[in-house]
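Student: Here is what each chain is made of, one letter per residue.
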Amino acid sequence: MQASTVQPRIGVYVCHCGLNIAGVVDVVAVRESASSLDGVVIARDNKYTCSEVGQKTIADDIREFGLDRVVIASCSPRLHEKTFRALLEKCGMNPFLLEMANIREQCSWVHSGDSEAATEKAKALVRSAVARARLLTPLLRSEGRVVPKVMVVGGGVAGISAALYLGNMGIKTYLVERQPSIGGHMAMLDKTFPTLDCSLCILSPKMVEVAENENIEVLSYSEVEKVEGQVGDFRVQVRRKARYVDEDKCVGCGDCAAKCPVRVPDEFNRSMGERKAIYIPFPQAIPPAYVIDAEHCRYLTQGKCRVCEKVCERGAVVFDQTDRVETIEVGAIVVATGFQPYDASKKPQYGYGRYPNVITSLDFERIICADGPTHGKLKRPGDQATPKRIAFIQCVGSRDEHRLDGAGAYCSRVCCMITAKQAFMIKEKYPDSEVYVYYTDMRTAGKGFEEFYQRGRGEGIVFVRGKPGEVREEEDGSLRITSEDLDSGCILDLSFDMVVLAVGLAPPEGLVELAQRLNLSRSADGFLLEGHPKLRPFETSIDGIFLAGCVQFPKDIPDSVAQAGGAAAAAAATCSRQKIEMDPLGPVIDEDLCIGCRLCEMLCPYGAIKVEKTDRGYKARSIEVACKGCGVCGASCSARAITMKHYSNDQIVAQTKALLEVS
Amino acid sequence: MACETKCPGGKTVGAVLVVGGGIGGMQAALDLAGSGFFVYMVEARPAIGGTMAQLDKTFPTNDCSMCIMSPKLVECGRHLNIEVITNSTVEKVEGEAGDFTVTVVNRPRYVDPEKCTGCGVCAQHCPVGAARDTFNAGLGKRPSIYIDYPQAVPLAYVIDRDTCVGCGLCENMCLAGAIRYDDVPRERKISVGAIVLAPGFRAFDPSLRQEYGYGRYPNVVTSMEFERILSASGPYEGRVLRPSDGDIPEKIAFIQCVGSRDRAHGGRYCSSVCCMYATKEAVIAKEHAPGVQATIFYMDMRSYGKGFDAYVERAKKEYGVRYVRTRVAEVSEVPATHNLIVSFESEDGRVVKEEFDLVVLSVGLEAPEGAGRLAEVFGIQLDENGFARTDALDPLATTRPGVYVCGAMQGPKDIPETVTQASGAAGAAGALLGSARGTLVREKVYPPEKDLRGVGPRIGVFICHCGINIGGVVDVPAVVEYAKTLPNVVYAERNLYTCSQDTQKRIQEKIEEHGLTRVVVASCTPRTHEPLFQETIREAGLNHYLFAMANIRDQCSWVHMHEPEKATEKAKDLVRAAVAKAALLEPLERLPIEVKRSGLVIGGGLAGMIAALDLADQGFQAYLVEAGSELGGHLRRIHYTLGGDDVQAYLRELTARVVSNPLIEVHTSSEVMEIAGYLGNFRSRIVDRSQGNGEAGAIREIQLEHGVVIVATGAAEFRPSGFLYGEHPAVVTQSELEERLASGAWPLSRAKAQAGPCDEGRRLTLGDESGGRRSVVMIQCVGSRDDERSYCSRVCCSEAVKNAIRLKDVDPDADVYILYRDIRTYGGRETYFEEARRRGVVFVRYPEGQMPVVSRWGDAATGDGASARTGDSCGGGDSDGRLVVEVTDTLLDERLAIPADVVVLSAGIVPNEGNRRIAQVLKVPLDESGFFLEAHMKLRPVDFATEGVFLAGLAHAPKTIDETIAQAHAAAARACAVLASGAIATEGIKSEVMKSRCAGCGLCVEACQYKAIEIDPKDNVAKVNSALCKGCGLCAATCRCGAITLKGFTEEEILAEVSALC
Amino acid sequence: MADLAVEGRAVGERQEGFEPQVVGFLCNWCSYAGADLAGTSRLAYPTNLRVIRVMCSGRVDPEIMTEPFLHGADAVMVLGCHPGDCHYLSGNYQAEQRVRTVWMVLDHLGIDRGRLYLDWVSAAEGARFADMVSEFVERVKALGPAGGGPASKEGLSRDEFTFRAEVSRRVVAGERFRWLVGRNKALSEEGNVYGEKVSPEKAGALMQSVIADECVRAAIEVLAGEAPVSVRDIASRLGISAQIVLEQAAYLKRRGIIELYDVLGRSPRYVLAGARA
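Residue numbers (our numbering), protein chains in the order written: chain S, 1 to 663; chain A, 664 to 1725; chain G, 1726 to 2002.
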């Protein structure tokens, strides 16, 4: 793409950013240097270019000087490019005639020790930006349609909340859940802190609401396989796993399970109880339908039995069901796939998995729960005895600097309060038990949290600062912990009947694959990366895909619900648009040069280039709506027939040359 | 004997397998297919064409090799009755003569030849450049998907799987969808009645001759590499550059006999062609780079073929090529310049070191690669040099009945001999399978032509994209739109490939749909594609000639690729011109000519008898007319061959077969007085004197009607003058000597042969029985290579060697001297030369222009001391009948006087006196020496330009028995191809005379090369014989009165084109 | 041409006062964000690096990698997302393929491959980015100025360096090179059209041979674009055998890229087609 033949009229604005830039860079010198550059009609320095005053100055100049290119030297374009593009548009200019020089994040902030060099660098960056600006061409954004539907992936409390928000806004919502029932981890909890509400009591009405909301379609026992398209127009392929039970016919009477001969450890109860091969995960499950565990079903594994089929009066058992893949079109996606508890067996020093009386906090939830395997009676798994001395060990799988064994360096945020809750519940039910909590730091930042913690202390729970090195099992099944109390400096050598490991929250299984399917980035901790840690906490780098709940980072229920609300609102906003404007960063293919080698077609990760047979041979054609503008095609094109819009070789070369000019 | 065996089994399959697609294979295939047999041509390489395709020019005419060969290529590729199976080898041969089952394995090509249009886009972009370009003799690289050369047949690319990395680019780019990566080897069985082997040769690998530095020194190249350097289609586009630095070499050395005549490396035989090709390359190099000084280092200059000596003379005189007789000892390199030092012994015995810029090694011809395997598969025997074993008296038959051989597989030979043998082998195969002729061939049946009377021109225009070859440059849709606006155009469309199968169907549909009466195709060159489209429209009921073509590729898009707009305009112009011409086109008739199924053979010598027998064996009547009273001709004077065959026994048997053959009518003591008519319909008047033993009263005049004529009038032995020939009884010619040797008149008793040195003076003369060592001196080139007869008589060196060995056989003590200029024992004959030397025959080379002098003993005009080595020391007053031969020995640079008991003159071969008369009768030309002149030296060695007349034996030029036999078979085969067809379709484009305008001046008669015009004595106007007219239009252009028009290219049509273009 | 490399200095020697010019191509999503994070975190690093933002490291054309050397850059950095994290799924793998092959070209031309740097920086790795830049600048200082003559590792003069950089730019702009770079990974990982995985050795050998050819061709084009040159002129300029030059010159001549200008003595001289006035 060649620049217009008319000499461009460029305005350059060098931002002080208060003292952020001006404190290091001699902005006046930069401005002066810029004013002498080819095509620069006006160069100014402003205190805050992004401020209203700053923007007005630019708007005035555009009018007054007839500017047709604007160069802003300020902060990162990642921060303000959109702002200034909007400004240009408001002034009747094409927004792509803006170029920014990042003289803050990549200059003043990192070269504060050498003003002179920083100033020289700033000049070079501005020179380069001007060089590129000369070659910028107006681009038209392409438009895409908007499908006014949303898919929520993950049926935990975050997903449920998001779906409800959306459904209640009248937006058709698909709630996709991998398990046979929605509910997620919250359904497994006994009580919630700090109010000690019964977890399922507050969740289950919402689940019922989901089932009853006519705008929400629950796709349980289903997984996202493939995502194509872009904001406003995603096509999601969902694998509906065979349930072998007709959801509509099943009334949940349980006759089938009663007769089923196969007993399987019950994962809902953390394998501390049993279920049948045909089962319902928990009585309040939504959908309230049984499911056949194909891995264990005698008929499906050995070819005979079919007892459940016989006993089901409604004929809801359908053995000839198979997996099927449905393609669902939506305009936005909310990802709320939650977390998985850290696998404590990866810390062999604590003996989880080896010592029956070492359990995790989630195991404890099931044990203490009235619906659980012990019907709410505190019994230790080893011998079903009621433990008298109980220890909690905090930060198992969290705050692990070495990040060994899959543990996170981050704080899982909720474990302190979970432990406080669980210790409190023991004390409440068994006041004479001795409860010790080994902790690193007690983190009780939240409404009512500190108060709850103090209540626990008041009840006689012993909080010991220190992380035990190991847990040893004695012959009688009791567990010995030797640890230093960092507050007193004493070595404590204590024996317990049961040890509860407060496991951290880890990214859920399969998140890597899901991220790839959705083309989302993950942060260093393995959770999905939000659009901006401060300002775009539930957005992602992909327009139209939003995050809710622990898939973004560990958080407690209210935070998850709050984020779900945000994500739902953003998704709804997307769906309420008539059309989506897309950045026109795609390839321009010069068919005279294209030799039809198909390299672009083969390398394009989005299938956004197809080679077609034409009168003049095979020629590559860009499929604009599918293109994301990465430029792989342009950089690979064997015949150099592809020019990337807004990132053409000409522009980049001009930038390069300008950067290297000796000023 | 090729023709005597009939198929032993009951079944005779009317198909022939030809192995090898070089010039030999192509000729054999075309002759066979033309005479009613289906041909499977199996070629190992991806395309046919063979070595000839790689040559730049051919000697001695300097014709462009590809230009003269490509019509045959195209014909083979398109012939309805030739199936070209490339990239394939024969794995198994079962059965017997008449009914073979052959297993052919087709190596994967990875490209579907049916779909590939040869557009070349794949090769242009293939990223691999790893393989050496074998077609360019390894100079430069070629991509992994390639064709050998642009004219390749089939014009289909092939993937070299060894170097292909499998990147997939070619498939991505192939618009025709021809790439097949999943191709696998395929085996098929074919059924044939006979097999012709023509696999060619392999060039000697000169790196085996380490002293010449090939492979070590970049500027030492082989003759084939140099051929490619010279070729305009070669790596340097014909510019003579040397490989080390791309400079133009000034001094070029050619080293002969690399891998030939060499006991240690390569063959002991002579490769026959190197002297001539080196001379040719030297000449062409000089033409391409005038500064070149070429030096040819040779041992004997073996320019023995027709016109060869004259060519060498021209090379010397006109092109300044220097010939140095020596054997080069070593080549070394000057490292700094990469120049080369050639070390050799000069003729005066000094060791000379001379610096050259480039050295060309004239590598010999070896048996083809895998000849051993070939022999195994086909069950044939090889000779000691690895070539197919054949009999001198049956040179085309291998040791397995039904399997014939031609070309270099039988022994090194040049193109015309290969072509001759190929036709001969085809004839032999045809004779074997005569009964199955026409059983397997396909014939094209056309619908009747549409009656277009009263229908104006309705033109359909089809414009080809040729993939992107045209479409990438020319805006084809715009040309189509333009074509639609032209007058008379009722339909226009564009095609991705107009030549593709589906488009042919489409054109036919459009002819029906739009009632088209003329078709214009704008695509590539009419030279390759016009016949295809003509067939297409003919199949749709339109006359062949209602077709015009615009060449918008070769002469437009390919040459104006950087100016697409202008190219588009030009394409429009060309289409407009073609449309303008098309509007005026008229249907032309291709008149079938009825063919009389008989042949006249003039001359009853070896060639004539073989030819007559072949005609008869193939089922045609033969009239054999011999001027002498007996059949046999020159052969009657030959008694044995070099290999020792009994020639006279052969002759007796041959004569008996001729005489007893019911289809051969023999007329001895007869002369052809007049031949009238033309191809297929000759009428001759013969005068037969045989009945009355030459008495005048018994002369019988016979009228014969026949379809073809074979001229085999033979030649005569030169009658020497001088040398005391005819004056002294001990001076004889080679054939006289042979006569005596054969009759037992030699040797004489050896009872008193134990004479001491001083008895030398009393050596025996012929017939003297007194004993002692006899001295026989043979003098070569008597009557050859002199001012009067500049040509080499070809056979004399071998004859001398043959008789010398025979002398040594019967008289081991005899001193035999052969005084020669060059010993031309080409091919396998070289081994006999070697044997003669081994047996003590003394070879003395005398200088050009200094003929040895024969005198009676005592009369010798011996100079000072020149007699030192004669028998003088023994006194020797006795001079009755004893002779002395004086000669300058170039090696010793001494004048020798050699006493001789017998002097044998190797008298040359001279054309028959009667040739001139026959030439007039037949209206065929003679060459400057008085031999008959063939139609084309290289590719039509047994044809005359006058169709239906063929040539064989000594009448054509001096040649040996096996060569004569091969040529006779060839002439017969060519003749049979005419006879077999029954009727011949002639070209529709012919001249037409408007009688009213013709002044009868006869200029056109002179101009016509094909003798197709005569002045009709009745009206005194020119008359065109449409059977003979080739449509060249020379007459029309010559005619002063504008009385002649060329149909299909009338003035009106041409003017229409011109005005459309302007 | 690598054999031509003039003996350079010992590696690691510091160049006093040499401040290298480094151009960086950073992808928008990870590395540019990482660089911003370094700024947000106020992590100081040397000023030598000047950044050009691209959407993806996969956008960085090999031509763009070599271009800076023509304009005085001493080194080039290409930074992208960590493997598996590419915002555009696989652009960084393409970048890696390209850098690896451009390294081969630089090796072949006697330019130290250390002048072209590839690494991955995530949006969260501000500190790592700052450290990386600091370290890289030090390493470039040790290499010395590009074209710094004896003061540089390669020992190439400025003109020679620029010439070779121009050759490298043309090589990487060539169709054959680019096609193979694009296919390389798939050929060895997914297999070729025959369903065989091309061994890295074979793929490497092919790439080497293509680079060898293309370097000579590009050099001929550059030289024939300046003045009429003979095969021997070119060979002595490049310090390679004239035989190799002839083969490539003949190829370029057949393709109409160069044409005969005149014959000086016995040496034909060639110019770039169309350059003949």
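Don't take every hint at face value.
Said to hold, decoys possible - Here are the simulated lysine-lysine pairs, DSSO-like style, with alpha carbons at most 27 Å apart:
id, chain 1, residue 1, chain 2, residue 2
1, S, K241, S, K226
2, A, K804, G, K1910
3, G, K1922, A, K804
4, A, K1168, A, K778
5, S, K613, A, K778
6, S, K613, A, K1168
7, A, K949, A, K914
8, A, K1107, A, K735
9, A, K1016, A, K1107
10, G, K1922, S, K610
11, S, K534, G, K1910
Said to hold, decoys possible - Partial chain A-side listing against chain G, Cβ under 7 Å, derived:
id, residue
12, G803
13, Y844
14, Y899
15, D910
16, I911
Said to hold, decoys possible - The following residues of chain S were derived to be distant from chain A, with all beta-carbon distances above 12 Å:
id, residue
17, G353
18, V611
19, V662
Since the hints were made in silico from the structure, they are not lab data. Being a predicted model, the structure only gives us computed values, none of them experimental. For each residue, glycine too, the CB sits at the ideal point set by N, CA and C.
Student: Each hint: holds or not?
Tutor: Going down the list of hints, with the structure as the test:
1. Between K241/S and K226/S the alpha-carbon distance is near 15 Å, which keeps this suggested pair within the 27 Å criterion.
2. Pair hint K804/A plus K1910/G holds up; C-alpha atoms about 26 Å apart against a cutoff of 27 Å.
3. A distance of roughly 25 Å separates the Cα atoms of K1922/G and K804/A; the hinted pair therefore holds under the 27 Å criterion.
4. Distance hint between K1168/A and K778/A is fulfilled; the C-alpha atoms sit about 15 Å from each other, no more than 27 Å.
5. Only pairs whose Cα atoms come within 27 Å are accepted, and K613/S paired with K778/A is accepted, the gap being roughly 16 Å.
6. Simply put, K613/S and K1168/A have alpha-carbon atoms about 22 Å apart, close enough for the 27 Å limit, and the pair holds.
7. The straight-line distance between the Cα atoms of K949/A and K914/A is roughly 10 Å, inside the 27 Å bound, and the hint therefore holds.
8. In summary, the hint linking K1107/A to K735/A is supported, as the alpha carbons are separated by about 20 Å, within the 27 Å threshold.
9. Restraint check: the Cα-Cα separation between K1016/A and K1107/A comes to about 66 Å, which exceeds 27 Å; the hinted pair is violated.
10. In summary, the hint linking K1922/G to K610/S is supported, as the alpha carbons are separated by about 25 Å, within the 27 Å threshold.
11. At most 27 Å may separate the alpha-carbon atoms for a hinted pair to count; K534/S and K1910/G exceed this at roughly 39 Å.
12. Of the supplied interface hints, the one on G803/A holds, with its beta-carbon coming within about 6 Å of a beta-carbon of chain G, less than 7 Å.
13. Contact between Y844/A and chain G, as hinted, is supported at the beta carbon level, the nearest pair being about 4 Å apart and thus within 7 Å.
14. Satisfaction of the interface hint for Y899/A is found here, the shortest Cβ-Cβ separation to chain G being roughly 6 Å, below the 7 Å cut-off.
15. Taking 7 Å as the C-beta contact cut-off toward chain G, the hint placing D910/A at the interface holds, the least distance being around 5 Å.
16. Given the 7 Å rule on beta carbons, the hint for I911/A holds: about 5 Å separates it from the nearest Cβ of chain G.
17. Against chain A, the non-interface label of G353/S holds: every CB pair exceeds 12 Å, the least being about 50 Å.
18. Consistency note on V611/S: stated as away from chain A, yet its beta-carbon is not over 12 Å from all of that chain's, at 7 Å minimum.
19. Non-interface status of V662/S relative to chain A is upheld: no Cβ of that chain comes within 12 Å, the nearest being about 39 Å off.
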